[in-house]
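Student: For this one, chain Z is given, so just place chain D on it according to the hints.
Going down the list, the sequences are from chains Z and D. Mapping of the first sequence onto the working numbering: residues 362 to 628, in sequence order. Mapping of the second sequence onto the working numbering: residues 5 to 287, in sequence order.
Simulated from the structure, these hints should not be mistaken for lab results. Among these hints, one or two may not hold up.
[As the list claims (entries may be wrong)] So, partial list: chain D residues that the calculated Cβ filter (under 7 Å) puts toward chain Z:
(1) V92
(2) L127
(3) E196
(4) L199
(5) F260
Glycine included, every Cβ here is placed at the ideal spot set by N, Cα and C.
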Amino acid sequence: MSAYSLRGLNWFNALSAGAKAVEGLPASLKVADGFLGEQAVRFIAVVADPDNRFVRARHGEVGLLEGWGLAKAVDEVITADQDKPQKRALIAIVDVPSQAYGRREEALGIHQALAGAADSYARARLAGHAVIGLLVGKAMSGAFLAHGYQANRLIALRDPGVMVHAMGKASAARVTLRSVEELEALAASVPPMAYDIDSYASLGLLWETLSVEQIEQPSANDLARVAECLTLAIGDVAAKGRDLSGRLGATNRTASSQVRQLLRAQW
Amino acid sequence: MTDSAELLHKHSFVELGARQRAKALLDAGTFRELLDPFQRVMSPWLSRQGVVPQADDGVIIAKGSIDGLPVVIGAIEGAFQGGSLGEVGGAKLAGALELAAEDNRNGIPTRAVLLLETGGVRLQEANLGLAAIADVHAAIVDLRQYQPVIGVVAGSVGCFGGMSIAAGLCSYLLVTQEARLGLNGPQVIEQEAGLEEYDSRDRPFIWSLTGGEQRFATGLVDRYAEDDVAQIRQQVSALLKQGLPAQQRSTQAELFLQRLARLDAGPQIEPSVVRDLYQGERS
Chain Z
362 MSAYSLRGLN WFNALSAGAK AVEGLPASLK VADGFLGEQA VRFIAVVADP
412 DNRFVRARHG EVGLLEGWGL AKAVDEVITA DQDKPQKRAL IAIVDVPSQA
462 YGRREEALGI HQALAGAADS YARARLAGHA VIGLLVGKAM SGAFLAHGYQ
512 ANRLIALRDP GVMVHAMGKA SAARVTLRSV EELEALAASV PPMAYDIDSY
562 ASLGLLWETL SVEQIEQPSA NDLARVAECL TLAIGDVAAK GRDLSGRLGA
612 TNRTASSQVR QLLRAQW
Chain D
5 MTDSAELLHK HSFVELGARQ RAKALLDAGT FRELLDPFQR VMSPWLSRQG
55 VVPQADDGVI IAKGSIDGLP VVIGAIEGAF QGGSLGEVGG AKLAGALELA
105 AEDNRNGIPT RAVLLLETGG VRLQEANLGL AAIADVHAAI VDLRQYQPVI
155 GVVAGSVGCF GGMSIAAGLC SYLLVTQEAR LGLNGPQVIE QEAGLEEYDS
205 RDRPFIWSLT GGEQRFATGL VDRYAEDDVA QIRQQVSALL KQGLPAQQRS
255 TQAELFLQRL ARLDAGPQIE PSVVRDLYQG ERS
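Bound conformation, chain Z alone (with noise of 0.2 Å):
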């Protein structure tokens, strides 16, 4: 096995066959233009670059040079597709350990290439562009709200190793001061706190789930499965808005709809 995941680039290689190579990013961006259908979409995913400059985000982390060049690859978009009534669809294919953590990183402003990434996919989706975050594998913290969590609709694959989560066990544990055990005891009984795609789904930020043959390297019926499910994803952004208001409503997150609630009466 490789040290690490090698998802978000089958995926992407799968979903964008045929597509044009987006040049002058990042290697470790995987960007390129293609169709759903008739739907014109670009591909985007971060992959591992085992010769990233940055020593701290070789293993598929987003970075600096990540959240820049993911801001980048999307502005360019926005940009191109400024005068169009058709806007391409931007599919974020997520597949991300974590963000980088390390020196160079706090120094030269982390937050801020995130910052960045975060900013160009929320104005893409203002803009009239669908966002869809196709999650593959890991979804993790900073690296998941950078790459994927502006996105209009989450789909996720069903799989052990497609997990969305603040922080990694070990870590989460030390700053809580909890052995994992104890974390992953209260993980069973706070949906919140799981680390697992069905936990998360109960929670209501998912558009759809979807169980597939192959999650490392999809099969044919996979690809034709998963496309079909983005052209419906893309369909329902034009149906019904470009906001998140989507993502509320489940009974794991009814305060967060009262709280907007009582927000608006009392404003």
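Tutor: Relative to chain Z, chain D alone:
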């Protein structure tokens, strides 16, 4: 004024709690809190984990005016759970920013000021905190189309995690010397990357990289103020009057990529290298 007289006239902002900070910034008599503690909208997740919840969940939302301009303040209480954002506190911030954007679409020019003392996601509510922070990001970018969003990191908690990204999205940032601004908390970097990479107990080292003075010297924030209520209030007011910046910091990908391309990423980094790279002419 003599030194001692000056000290007597200074009022520390850092020592104030979130509610007092919001009051101190707003025009006298205009502070109105939304979802105040008496309404007891608390975290539904903490008590089952043996953590005592707080009646405001550590986030204060207040409407009022600053020098006559309509503002909403979102202030995070660093003293409660390290200023971490859970479902309720996160929804208060996101919801307030969403309503401010809606105001602007209806012709009401509401601005936002965020007082950020936060470690980021509250790990006891992990994925709901993360989701709320994504909503906060979305709402800042939305509101920023109409009015400036001003972030203040005064200290002493600093601003970390997903909320440091929120800070990066603000139109303007103001810090004091006490402030720290960075994505990853020192403990977590040490845990993930080792002591040699990042010594979480070496405070001068940490401030030299992520402290307010360094962030100002490298142009990653806009204003640097003393820990003094009057100074901070005056600076926030000036930023509000400045209106939207010519270009938001977080939309400058090309510039930052060019700067990073010039860096020799081989040797471990020094604060002076960042100053030269980002703000050569000013350091």
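Student: Should the hint that D/L127 touches chain Z count as held when the rule is a Cβ pair under 7 Å?
Tutor: Cβ of D/L127 sits 5 Å from chain Z, so the hint holds.
Student: Quick check on D/L199 please, does its C-beta sit within 7 Å of some C-beta on chain Z?
Tutor: violated, 11 Å
Student: Would you settle whether the hint for D/V92 is holds or violated, based on the nearest Cβ-Cβ distance to chain Z being less than 7 Å?
Tutor: Check passed: Cβ of D/V92 comes within 5 Å of chain Z, closer than 7 Å.
Student: Against chain Z, run the beta carbon of D/F260 and see if the smallest gap drops under 7 Å.
Tutor: Holds: closest Cβ of chain Z sits about 5 Å from D/F260, inside 7 Å.
Student: Under the criterion of a CB-CB separation shorter than 7 Å, is D/E196 in contact with chain Z as hinted?
Tutor: D/E196 check passes; min Cβ-Cβ to chain Z is 4 Å, inside 7 Å.
When each numbered hint is compared with the structure, a violation occurs for hint 4 only.
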